[in-house]
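Trainee: Listed below, chain by chain, are the residues.
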Amino acid sequence: MSDERKVQEILARYVRATDRRDGKTQGALFTDDAIVQIFVKTGPSSYEPFGEPLLGGAGVEYAVDNFMAPHPDGGSSHHTTSDHIIDINGDDAHLNAQFVVFEVRAEMRPADGWPANAFGSQGTVRPIESGYYDTDLRRIDGEWKIVAHSVLMDMPIAVGGA
Amino acid sequence: MSDERKVQEILARYVRATDRRDGKTQGALFTDDAIVQIFVKTGPSSYEPFGEPLLGGAGVEYAVDNFMAPHPDGGSSHHTTSDHIIDINGDDAHLNAQFVVFEVRAEMRPADGWPANAFGSQGTVRPIESGYYDTDLRRIDGEWKIVAHSVLMDMPIAVGGA
Amino acid sequence: MSDERKVQEILARYVRATDRRDGKTQGALFTDDAIVQIFVKTGPSSYEPFGEPLLGGAGVEYAVDNFMAPHPDGGSSHHTTSDHIIDINGDDAHLNAQFVVFEVRAEMRPADGWPANAFGSQGTVRPIESGYYDTDLRRIDGEWKIVAHSVLMDMPIAVGGA
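Chains as they are written, first to last, in our numbering: chain C, 979 to 1140; chain L, 979 to 1140; chain A, 979 to 1140.
Just so you know, the hints here were simulated from the structure itself, not pulled from any lab data. Some hints here could point you the wrong way.
[Unchecked claim] Dumping the calculated DSS-like pairs for lysine-lysine here, alpha-carbon to alpha-carbon at most 27 Å:
{"hint": "1", "chain 1": "L", "residue 1": "K1002", "chain 2": "L", "residue 2": "K1123"}
{"hint": "2", "chain 1": "A", "residue 1": "K984", "chain 2": "L", "residue 2": "K984"}
{"hint": "3", "chain 1": "L", "residue 1": "K984", "chain 2": "L", "residue 2": "K1002"}
{"hint": "4", "chain 1": "A", "residue 1": "K1002", "chain 2": "A", "residue 2": "K984"}
{"hint": "5", "chain 1": "L", "residue 1": "K984", "chain 2": "L", "residue 2": "K1123"}
{"hint": "6", "chain 1": "C", "residue 1": "K1123", "chain 2": "C", "residue 2": "K984"}
{"hint": "7", "chain 1": "A", "residue 1": "K1002", "chain 2": "A", "residue 2": "K1123"}
{"hint": "8", "chain 1": "C", "residue 1": "K984", "chain 2": "L", "residue 2": "K1123"}
{"hint": "9", "chain 1": "C", "residue 1": "K984", "chain 2": "L", "residue 2": "K984"}
{"hint": "10", "chain 1": "C", "residue 1": "K984", "chain 2": "A", "residue 2": "K984"}
{"hint": "11", "chain 1": "C", "residue 1": "K1002", "chain 2": "C", "residue 2": "K984"}
{"hint": "12", "chain 1": "A", "residue 1": "K1123", "chain 2": "L", "residue 2": "K984"}
{"hint": "13", "chain 1": "A", "residue 1": "K984", "chain 2": "A", "residue 2": "K1123"}
{"hint": "14", "chain 1": "C", "residue 1": "K1123", "chain 2": "A", "residue 2": "K984"}
{"hint": "15", "chain 1": "C", "residue 1": "K1123", "chain 2": "C", "residue 2": "K1002"}
On a predicted model such as this, the values are computed, not experimentally measured, just so you know.
Please take these sequences and the hints and turn them into a complete structure.
Mentor: This is how it looks when you write it as structure tokens:
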């Protein structure tokens, strides 16, 4: 498999772990000293950091397990990425990707069955967040790991009352 | 072309055939004894089968031509896939992909032209379904074919009154 | 890097330039005699040209800088592509891709902070356009350039009152 594909698959595993809220799998994609920072957009090409950076795979694991809102019953999500730009330079790699996050809310089947006029998938799929991932990776013992990860959000993040 | 790209292109042709409701092209991507099963999500990591499996390319062709709702006038769709995880093992391959389905409904141009305040694309693009494709392929006479295909839907599917 | 990846990255740079309204970067992806044409869908598999073709990188640069609506404050967009089909034939390449365009509108943080019940990303992400890119590229002095680019829109485009 080409190095570009290997790097794409790290991101493919990252989004699945995020969507499953699986901190352990997510954290294992990062080095022990990786730095992860969320940024929010403040102008056409400017961003500011949101919150403190996460440090290392252990920091990522803790954040996913403790800070991400769990899905409600019938809820799931898809962090989708596209249009990757990848530079491989020996054992170093850089990845830039667009992302769009979809929130899924399934309807529960009524105890007496679906209404007579119901047809097809029951529930909603809704884009709720977007931006870019900008990521550095390093090959260590033959395996690509994330060493720096910036999540560049298009929209501000509210913390109630702040 | 790498085997990973070849496998991705099978999926790229699959989604185009689905969106065109082109059963013949769709069916030709599958082996004669392929098994296709739709599943619907019942919990955080559980699914149950929906309906009976389709059998082989002929079964897929029949289903696309007879069971998929045709697009209304001005209607189209995009089954989009992302974040592929692909394992090639000799003449066998496994593919996992996220999917999001968009329903497109174009507005018809009024006989006396668009209203004075109309600007840009006229109609709606709406995500309606999502999930994962989990797919096994085999290389036969140099060509990759789908031998097993699971459509893992995030939401339940209603059959009116059932 | 494989030729298929190189071609994908041309498209990845194209969508970023479009979303940044960066005509100069966009134009540099095209040859001087490239032809770019927008089409709108008129039936299940029929399209008609919309407007006149753009000619060459200079025409693309001018159009991006002068005809694309600028983003409002807090606005951005993502032209996302998926399910690429790529044929490389020596120094010629053909690319077909699905696209979905998302419009992002960020909420501005109120001067006295977010409401007490606000949580998460503030604003909207909304799919507004979709279709296919159908693109020819040529390798010139070792670099892939776009020589012909069709934007196949799923929906008609209104010009107010016309």
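Trainee: For each hint, tell me whether it holds in the structure or not.
Mentor: Okay, the hints, checked on the actual structure:
Note on L:K1002 and L:K1123: the hinted pairing holds, with a Cα-Cα distance of about 14 Å set against a maximum of 27 Å. Restraint check for A:K984 and L:K984: the C-alpha separation of about 16 Å stays at or below 27 Å, so the hint holds. For the hint pairing L:K984 with L:K1002, the CA-to-CA distance comes to about 20 Å; that is within 27 Å, so the pair holds. Pair hint A:K1002 plus A:K984 holds up; C-alpha atoms about 20 Å apart against a cutoff of 27 Å.
For the proposed pair L:K984 and L:K1123, the alpha carbon gap of about 10 Å is at most 27 Å, so the pair holds. A threshold of 27 Å between alpha carbons decides the hint, and for C:K1123 with C:K984 the separation of about 10 Å falls inside it, so the pair holds. Restraint check for A:K1002 and A:K1123: satisfied, since their Cα atoms lie roughly 14 Å apart, inside the 27 Å limit. Proposed proximity of C:K984 and L:K1123 is supported: the alpha carbons are some 23 Å apart, at most 27 Å.
Our distance criterion of 27 Å between C-alpha atoms is met by C:K984 and L:K984, whose separation comes to about 16 Å. For the hint pairing C:K984 with A:K984, the CA-to-CA distance comes to about 16 Å; that is within 27 Å, so the pair holds. For the hint linking C:K1002 to C:K984, the alpha-carbon distance of about 20 Å falls within 27 Å, and the restraint holds. The suggested pairing of A:K1123 with L:K984 holds, with an alpha-carbon distance near 23 Å, which does not exceed 27 Å.
For the hint linking A:K984 to A:K1123, the alpha-carbon distance of about 10 Å falls within 27 Å, and the restraint holds. In summary, the hint linking C:K1123 to A:K984 is supported, as the alpha carbons are separated by about 23 Å, within the 27 Å threshold. Taking the CA atoms of C:K1123 and C:K1002, the gap is near 14 Å; set against the 27 Å cutoff, the hint holds.
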